[in-house]
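All chains, full assembly: derive it from the sequences and hints.
2 protein chains.
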Amino acid sequence: MTTTDTQTSTTELMLAIGKKAKAAARILRNATDKQKSTALLQMADLLLEKKDELIAANRKDLEAAKERNLAAALVDRLTISETTIQSMATGLRQIAAMPDPVGKRSETIVRPNGMMVAQMRVPIGVIGIIYESRPNVTIDAAALCIKSGNATILRGGSEAFHSNQALGEVILEGLRAAKLPEDCVQVVPTTDRAAVGSLVTMTDYVDVIVPRGGKGLIERLSQEASVPLIKHLDGNCHLYIDKDADLAKAHAVAINAKTYRYGICGTMETLLVHHEVAPALLPDLCADLQQKGVELRGCERTRNLVDDIKEATDEDWETEFLAPILAIRIVDSYDQAVDHIALYSSEHTESIVTENLNTALRFQKEVDSSSVYVNLPTCFADGFEYGLGAEIGISTNRLHARGPVGLEGLTTEKWVLTGNGQLRGQ
Amino acid sequence: MTTTDTQTSTTELMLAIGKKAKAAARILRNATDKQKSTALLQMADLLLEKKDELIAANRKDLEAAKERNLAAALVDRLTISETTIQSMATGLRQIAAMPDPVGKRSETIVRPNGMMVAQMRVPIGVIGIIYESRPNVTIDAAALCIKSGNATILRGGSEAFHSNQALGEVILEGLRAAKLPEDCVQVVPTTDRAAVGSLVTMTDYVDVIVPRGGKGLIERLSQEASVPLIKHLDGNCHLYIDKDADLAKAHAVAINAKTYRYGICGTMETLLVHHEVAPALLPDLCADLQQKGVELRGCERTRNLVDDIKEATDEDWETEFLAPILAIRIVDSYDQAVDHIALYSSEHTESIVTENLNTALRFQKEVDSSSVYVNLPTCFADGFEYGLGAEIGISTNRLHARGPVGLEGLTTEKWVLTGNGQLRGQ
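First to last, the sequence lines map onto chains A and H. For the first sequence, this note's numbering gives the first residue as 1, with consecutive numbering after it. For the second sequence, this note's numbering gives the first residue as 1, with consecutive numbering after it.
Nothing false has been slipped in among the hints.
The list treats identical chains as one, so a pair stands whether inside a single copy or across any two.
Calculated pairs, PhoX-like style, for lysine-lysine (alpha carbon to alpha carbon, straight line, at most 25 Å):
| hint | residue 1 | residue 2 |
| --- | --- | --- |
| 1 | 104 | 22 |
| 2 | 179 | 365 |
| 3 | 20 | 365 |
| 4 | 179 | 19 |
The hints are simulated quantities; they were obtained by calculation from the structure and are not laboratory data. It should be emphasised that the depicted structure is a prediction, and the values quoted were computed from it without experimental measurement.
Set out below in structure tokens:
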């Protein structure tokens, strides 16, 4: 076939998948929690039963990865081991045990004419997930979508094709066991890049796309997509040490915010320190960070205070390093810290360390990020840590779900009004 | 200037407006409710004081409308009278009196490590409103946005240019009196169509667009926009009379649903009737509707039952008539009614008339529209009727606000976490 022929057939394939997803969504929307949880528990059992098959399918991807000289980190993320299978199964059981978000009604308001007004939580409809490398996303995303009553179209990276197809079989069997339509979860059966282009523009069939991957992928999708995206581009997270901070707390929180893990989106990338506490805090803190292998880039005042610090550039203030690098700035005041955040933050997660109640409340009110902390490291940005049980991703969108997106973020609300023949205008 | 020059300067103008709106939004976001309400109450007083000036400005638009032979209905909507000024002032005072949605915190969850997790309601940011004809939208939209803490860019129709500019002056004076930045509300000072194109694509400065106008306008904007829209395209609303309906109630609800007003989006456009009750219900109901001047278009079975009914086509099932026309179909079962709705509805508002509890609850659960009623006419679709106090529009989006959008729909939430030095992974 020519390239154009392949594209046409991929478009047709994706439209057919979309149509089937929409039909399945109508049934899944009305499924009981028991059915949905049965599917997930079955999937958990099947993962463990079929672990040899899954590891064999994964081996094909790993061999191809070796031939293509994929980076070691990517190969690591791609690998399915007994441990990853066990943790996928545990995740499925945890999600199965969570309360069903669907059908929940808000408080009911009774209008003067006796009419009752409430809101009911309902699934969004059809959710497309586009992700790279990690095959465990196939299971996690399918589980969250099934539990929240949404049909799903899963498009993983081509490097994980065989693994994802094998995991897709497990999902199918789980759905069958729960007497749910097989089309509730569809793993896209082609590596053709045109499938992604179709998925993000099929507004008739797909209600939302959740992209999981690097900034490059997400920027590209944002430009192409006409379906709305639940997403964040980057996590340029700030920690501000206020003049009224407890310095021991500040030290521990800063170390944890930077070094808990370098590669997660909640990692602190810039540390802002009030000038009154900088001399007492920074020398020890910087030494500890450097000792842990963190490269420091500072403003002039920071460099006057501590040795071996590179000069921070404007680009450093803007950058999510995702690496053992930290930018440090000494500020004159609370306001200068908040202005710095307003200018450079990606509105993901920011935190203040202070013992002052008013300053803490002001910071939570005035900083316009999806998560705003007091006396906590920014690396807490995670659905499990917030008590959501699981998350499909973190959103810095201003509409719909913001911050970690769990089951509730995968639902929407409709108004339900109940009357007894009330008429309007009478 | 050439057309290209005009476009360039309009683009620059709009970018400058966007930048100013974003800066103003940062201040308005943190304004007290007292400041915001003061602005609205001042605007109410000023409207009444300046009514002669406003009517004079409006006269310029009316004269231009006459020269351009605008349709009488449009001229009617364009007209500012003492009554419309009075009702704008009343609206402002009502919105001022409503509770401030901003800053409200959800229930707080305490995590095992003692960290407290809650969500805080916050303004969205900058809202663009694109509307036609009615100058009162200038005041209503500005008031809702100010009260919800959002900066606004208002782009009315060119036919209302002078009226909107004069109303914009009133808004400015209100903001000044409350010591809020003038840029909190900006009325676009040009009729150049390129301004709309800029507004809906300035993703750096505008967070959401609320279009108010006909389906044509909204379809055009949906295609052009990269900023998300809170919108509905049409309201093809259904009323289903179940076999267990109280027929007197069904009769009254159907008449009200169709004839309360023909031109609003909640008006019933298709009536579905269970075949068991059709013979007892339809002859009288159709006679009453015809007597009120409603043209009826029915399925074959309806036409066998009642005289003077045209044949309904597929197009009729799909159409929001916005006129004294009604499509009627007799269905075999509840399921056929729900299937018809799933196929043809615009997911705006649907209603069932039934005395059967199970059927009522099934309908509210299974029908996937933004509002689903029991024993109520669809024409209740309105923010005031739901108790929201006011509305900026009705949304059939699946993400963020669905159904009537009031102050809460103009806000979003952020996570606020408060700790005492808890660390992750320890």
